[in-house]
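Q: The residues making up each chain are set out below.
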Amino acid sequence: MMNLSILILVPLITAIIVMFCRNASQVRWISLAGSLVQLVLCFTLLYFYLHERSAGNTAQMLFESRYSWYSALNIELYTGVDGISVAMILLTATVVFTGVLISWKIEKLTKEYFLLLLLLGMGAYGFFISLDLFTMFFFLEIAVIPKFLLIGIWGSGRKEYSALKLALMLMTGSALVLIGILSLYFHTDIGNGQHTFDLVKISQLHIPIETQRFIFPLLFTGFGIFTAMFPFHTWAPDGHSSAPTAASMFLAGISMKLGGYGCLRVATYLMPEAAKEYAWIIILVATIAIIYGAFATMMQKDLKYINAYSSVSHCGFVLLGIGMLTKTAIIGAVMQMVAHGLMTALFFGAIGMIYDRTHTRQVDELGGLLKAMPFIGTIYVVAGLCSLGLPGFSGFVAEMTIFMGSWQRPDAYYRIATVLSCASIVVTAVYILRAAGKVIMGPLKAPHMHDLKDATWNEKLAAATLVLGIVAIGIVPFYLVNLVSPDTQHIMDNITRSIAVK
Amino acid sequence: MGIEFFTLMKSELLLTLIIFILLFLKVWDGIKDNTTLLHITNTLLFINLLSGFFFNTSGELFSGMYHTNEVLSLEKNILNLGTFIISLQAYDWLKTHKHLLEFYILLLCTLLGMFFMISSGNFLMFYLGLELSTIPLAALVNFELGKLKSSEAAMKMIFSSAFASGITLFGISMLYGTTGTLNFTEMALHITGSKLQLYAFILIFTGFAFKLSAVPFHLWTADVYEGAPVSVTSYLSVISKASIVFIFITVLYTLFRSYEVMWYNMLFLTIVLTVTIGNLFAIRQNNIKRFLAFSSISQVGYILLGLTAGTGMGASSAIYFLVIYTFSNLGAFGVIALISAKTGKENISDYKGLYATNPALTWVLTISLFSLAGIPPTAGFFGKMFLVTSGASKGNYTLIIIAVLNMVISLFYYLRIVKAMFMETNDNPIEKLTSSRSLKFALVLCMIGVIATGFTSGLFDNINTLIGK
Chain A
1 MMNLSILILV PLITAIIVMF CRNASQVRWI SLAGSLVQLV LCFTLLYFYL
51 HERSAGNTAQ MLFESRYSWY SALNIELYTG VDGISVAMIL LTATVVFTGV
101 LISWKIEKLT KEYFLLLLLL GMGAYGFFIS LDLFTMFFFL EIAVIPKFLL
151 IGIWGSGRKE YSALKLALML MTGSALVLIG ILSLYFHTDI GNGQHTFDLV
201 KISQLHIPIE TQRFIFPLLF TGFGIFTAMF PFHTWAPDGH SSAPTAASMF
251 LAGISMKLGG YGCLRVATYL MPEAAKEYAW IIILVATIAI IYGAFATMMQ
301 KDLKYINAYS SVSHCGFVLL GIGMLTKTAI IGAVMQMVAH GLMTALFFGA
351 IGMIYDRTHT RQVDELGGLL KAMPFIGTIY VVAGLCSLGL PGFSGFVAEM
401 TIFMGSWQRP DAYYRIATVL SCASIVVTAV YILRAAGKVI MGPLKAPHMH
451 DLKDATWNEK LAAATLVLGI VAIGIVPFYL VNLVSPDTQH IMDNITRSIA
501 VK
Chain B
1001 MGIEFFTLMK SELLLTLIIF ILLFLKVWDG IKDNTTLLHI TNTLLFINLL
1051 SGFFFNTSGE LFSGMYHTNE VLSLEKNILN LGTFIISLQA YDWLKTHKHL
1101 LEFYILLLCT LLGMFFMISS GNFLMFYLGL ELSTIPLAAL VNFELGKLKS
1151 SEAAMKMIFS SAFASGITLF GISMLYGTTG TLNFTEMALH ITGSKLQLYA
1201 FILIFTGFAF KLSAVPFHLW TADVYEGAPV SVTSYLSVIS KASIVFIFIT
1251 VLYTLFRSYE VMWYNMLFLT IVLTVTIGNL FAIRQNNIKR FLAFSSISQV
1301 GYILLGLTAG TGMGASSAIY FLVIYTFSNL GAFGVIALIS AKTGKENISD
1351 YKGLYATNPA LTWVLTISLF SLAGIPPTAG FFGKMFLVTS GASKGNYTLI
1401 IIAVLNMVIS LFYYLRIVKA MFMETNDNPI EKLTSSRSLK FALVLCMIGV
1451 IATGFTSGLF DNINTLIGK
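Note that the protein sequences, when read in sequence, are chains A and B.
Per this note's numbering, residue 1 is the first one in the first sequence, and the count goes up by one each step.
Per this note's numbering, residue 1001 is the first one in the second sequence, and the count goes up by one each step.
Keep in mind that the hints were calculated from the coordinates and are not lab data.
Beta carbons: idealized from backbone N, C-alpha and C, even for Gly.
Be aware that a few hints might be false.
Claimed, not checked - Lysine-lysine pairs mimicking DSBU-like chemistry, simulated, CA-CA at most 35 Å apart:
| id | chain 1 | residue 1 | chain 2 | residue 2 |
| --- | --- | --- | --- | --- |
| 1 | B | Lys1440 | A | Lys108 |
| 2 | B | Lys1156 | A | Lys108 |
| 3 | B | Lys1345 | A | Lys108 |
| 4 | B | Lys1026 | B | Lys1394 |
| 5 | A | Lys111 | A | Lys453 |
| 6 | B | Lys1432 | A | Lys111 |
| 7 | B | Lys1469 | B | Lys1342 |
Stated by the list, open to error - Beyond 12 Å from chain B on every Cβ pair, some chain A residues (computed):
| id | residue |
| --- | --- |
| 8 | Gly155 |
| 9 | Arg434 |
| 10 | Lys438 |
| 11 | Thr465 |
| 12 | Thr496 |
Same shape as in the complex, but just chain A (with noise of 0.2 Å):
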């Protein structure tokens, strides 16, 4: 057993630690041993978690643990796991372990910008274990501030700009969040006029369909807002631009999970059927997000662009398999919101290490990486396919579980959703191939690129951790799906439950 408390006290004692921290490379070096040592428990949870269930023990949430925090309004501080949850922590701990190898070169602040990292990452962690909404709320509104900093302090270009964008439309999506979980707070009645924040509690409760008419748009779409759901997508591009490398492996790979956790946890799984009357809604906003994000795409010539728009696409898929609401396309959904994690993480860092050394990110200003840099070419190359779902990638097999989920669904609004969808794929080819072909193909643009060093100790072992994870998704996903499928069972058993009661 495992109290899941250590994953929020491991990041606090870390950052506190590099908060006496005298140099730079004292900071670099207990940052990396905290997220590894991270990284470790987490694989560790994963070993336990297994071990439990293999065991037999199908409870909802596995090492649930309680403290009452706020007694007079029922707030604790519930922490417990299922397989979702397991799966996103993992993506956490590779992310921010990762993002820290990544910035191992920043100069400029050093200990402020770890301290933002690590503050960062324990926010996300505390949000996919806690089975509190306050507390949940809580961990979600930690994980918007350091962003904004790190973007406006390290970022480039209209830094300050995207920060204060990113910052709003964040705090406007939990300002959504917000009045959602109150909402919901007070249609809680547990007897002697109480009232509770219990995630699990509040998923047996039985919700009126009129209440949750009202509060599942507030909540999906301020949880839509973080995963950069059209249209409020604006911020992600710009954000995703300006950030320093490793706060835009976090944006896209931890901060934009936080969403479509949120979505798929608090709003659909509370609230089964308000999702099923609004979900010809969310299934039209994603569509639109993933053609539009693609489209879009195809007109970026910055490198960051191109993967922030193709965010926007990618992270539509996740929407479009919640939106969906079979059980095929929710495993789908959660395996794309890892798949995507990690690929754009790996995305993002090889832009990183690219605009590091030539310090342009414009398409036509670059060419001929492979020869100059084999390495770092050779992960932007993989990153690429993996975007465009090249199978034995990630990336492939969970647009495909998404698009089998979908196709479940008869009615033909469904299927042109699908094969709208699908038919973005080809898209995504267009641009990702274009954009790999001129960076990393033909003559290189400038004699000073010859001189290019190729990627350093940090770089190769982050860049290997994340190819690791990409690959062993691809290869052998059916662990990813073990891990989750039971989960998603529950989801769907609350979706039927409810409807059936009705």
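Take the given structure of chain A and dock chain B to it, following the hints.
A: The following block gives chain B in isolation, referenced to the frame of chain A:
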């Protein structure tokens, strides 16, 4: 009378004693050194703060004119704490001021007035306390003796305060006329909802809104805050406001309980106006003191939001928020006071690039602003959350949506300052400042408060139990 008199009124008596000691020091004129005097006063204030935590009993005196209980003692402790921090922060400013003792005597007189006001069980006592807490304040606002703006601010303050007091008094007189008593508990029994009483209630409500600087009665705030010395501004925005909120809770929750629907709607309107207009004006400010004035207007809106609940939860969330607000606002004011005292710079654009020269001060200001904006893990997050939660308990989501979206707007202007300090560069930055030990101590105290009162739930639970009693 007897021993009970001394135990029940111990906070007021101790404060009076301190005022007398200071008066004696002034008349004696034996200590010429300002630093020594400051140390003496700060020690006295510290003793005053500590004593508030012991021997708190409940009871009433003068046939119900004065009453006290553990909640009221707690409220007085909050005011004491705030005053102590402000006194520490004023160190640099007062070190060279020639009217140091007068400053403290006036300041403590207003505090005494607030104590009486909070503890009042009778409108006579209430009005006495209110006036005692207002009139010396106007003199304090004028304490930047060489500055014309300071005198102007004092005039504005005294006029608007007198006007507000007049309105309140008019309302009180009508209530007295219809009920025949000035005692809160007796009066509550006689409030029948007649038109005259309703009218009286509206007048009293308006008087409070004036003192709280809730929109549309906020116009005096910005000018007064800007003109007054920073320490007085912080006193006005924290201590004075908190004391009014405390008595407002009593007035709404016990005296006018039968008008709950009525005051709910009035509060609704006031809150919407206060948070929105406070925010919109705060966005446009360039002077950091004016900026904090408007941001504190919008903060009042959130406090009122908590009060709309009409339950013990509403009261405890408001009191809890005021503790946090004391810490966070004083944290911000402390930094601003130092910068203003040392460099005379008060514009937001002067704060550009502050992080490069004064990292520690920047962090203090940033964390305080985050707390005011309600960003976790600072305590401000919890304070705002509980206010909003209390406000939501009546199920009026229009109000909650407006309030919560305004939190996002407020975030914009708080982040604007953070952005200026961290991200922008300045050709003429504020040089590296050294702060006195007493200011450092005050700021550390604020930071501990801002961080520790949040995720440790002890304080809130404590307040909640006291209210529940």
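Q: Kindly indicate which numbered hints from before are broken by the structure, ordering the numbers from low to high.
A: Those not satisfied are hints 2, 4, 7, 8.
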